[in-house]
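K.L.:
Next come the chains, spelled out residue by residue.
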Amino acid sequence: MSSAAQPAPSLVRAAMEAKSVEFRRNASTSVSDMSVWTKLYAANQVLLSAVSDARVSSALIEICSNLLGCEEVAIVEIDRATQAVHFLGEEGLSSEKRKALSQNVSLLLSRIGAANIAITAEGKKDSSGLAPLDISALVPLWVDVRSSAALVLFQLLPQRTGFDAEDLEVLQLLSVYAGPCLRSR
Amino acid sequence: MNSKILLVDDSSTALLMGETIFKEHTSFEVVTACDGEEAVQKAQAEKPDLILLDVVMPRMDGFAACREIRKLDGLQHVPIVMVTSRGEPANVEKGYRSGCNAYLTKPINAKELLEMVRMFLGHEDKAMQASQSGQGSGKKQS
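Heads up: the sequence lines are chains A and B, in that order.
The first sequence maps to residues 1 to 185 in my numbering.
The second sequence maps to residues 1 to 142 in my numbering.
Think of the hints as simulated: they come from the structure by calculation, not from any bench.
It is possible that some hints are incorrect.
Chain A is faced by these chain B residues, among others (derived, beta-carbon under 10 Å) [what the hints assert, rightly or not]: (1) 1; (2) 12; (3) 73; (4) 74; (5) 88; (6) 110.
Glycine residues also receive a C-beta, built at the ideal position from the N, C-alpha and C atoms.
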């Protein structure tokens, strides 16, 4: 997650390009971990291309759908002064879920401020407070004096029972690069 | 000659992931299409040995594309694997009724995808080919 000092777009781009080389090399040489390296490479490359085309939000939604098995996604930015929730992108959300996000600003801000990925898992005790909102994961994207932002994943596809280790790697990648990519729009 | 795979998906993420898996770990030739109509055109022109077909796509969905491909000369028996997020029994059944041979659900797992393709086409691993032609130790070099 990025904080107040936003890295220059060229630095973010250079870091992501270096990551792509690393991920592709690992995807090529590792048989046992091929799947996770390929996912990381695809997610990183798609994000990188999306910056050039100014379509980062739709790229994030596509990554969540194809690599994480989640087709109910919101990318929200919360104005710190007005507490208003702006949807930078969304897919598959019911009006109830949109409303739940807008009505739980304090909870969202505290989770984003915690600066780590919040996961709610079926059958496990939820300490994040996000489970009642039907949120599967919240990925903080940035916090600064003006606003806070997050990628919010709701219900997973029926064939998925939860996030696995590969998913967590992809979510971690998004938590590092999705914010700067969105802000370079 | 290497086997040819037609990879069809409207998601650039899914296409990139599929292409990367096959390019890095096999010698299969990969051709891509972004929707059902393009899939039918590419299938006719390229005569692939196997088709990986997404279901939810613009212009023509995967079920319709599968039916159209089955009507094409020489493609009545080409293996078609539906790769989709729609894993519900009704959709799987619809896929088989459209003429597909197998079904994989998203999110894509590289190992599952390779296993499925190898089940139809056999192994065309880079490492195995290098080993058979005496070019190396069988370990892939990056």
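K.L.:
Each hint needs a verdict: does it hold in this structure or not?
P.N.:
Okay, the hints, checked on the actual structure:
Taking 10 Å as the C-beta cut-off, the interface hint given for residue 1(B) is violated, the closest approach to chain A being about 23 Å. Look at residue 12(B): its Cβ gets to within about 6 Å of chain A, closer than 10 Å, so that hint holds up. Interface hint at residue 73(B): violated, since its Cβ lies 33 Å from the closest Cβ of chain A, which is beyond the 10 Å cut-off. Contact between residue 74(B) and chain A, as hinted, is not supported at the beta carbon level, the nearest pair being about 31 Å apart and thus beyond 10 Å.
Taking 10 Å as the C-beta contact cut-off toward chain A, the hint placing residue 88(B) at the interface holds, the least distance being around 7 Å. Of the supplied interface hints, the one on residue 110(B) holds, with its beta-carbon coming within about 4 Å of a beta-carbon of chain A, less than 10 Å.
In the structure shown, a violation is registered for the earlier hints numbered 1, 3 and 4, in ascending order.
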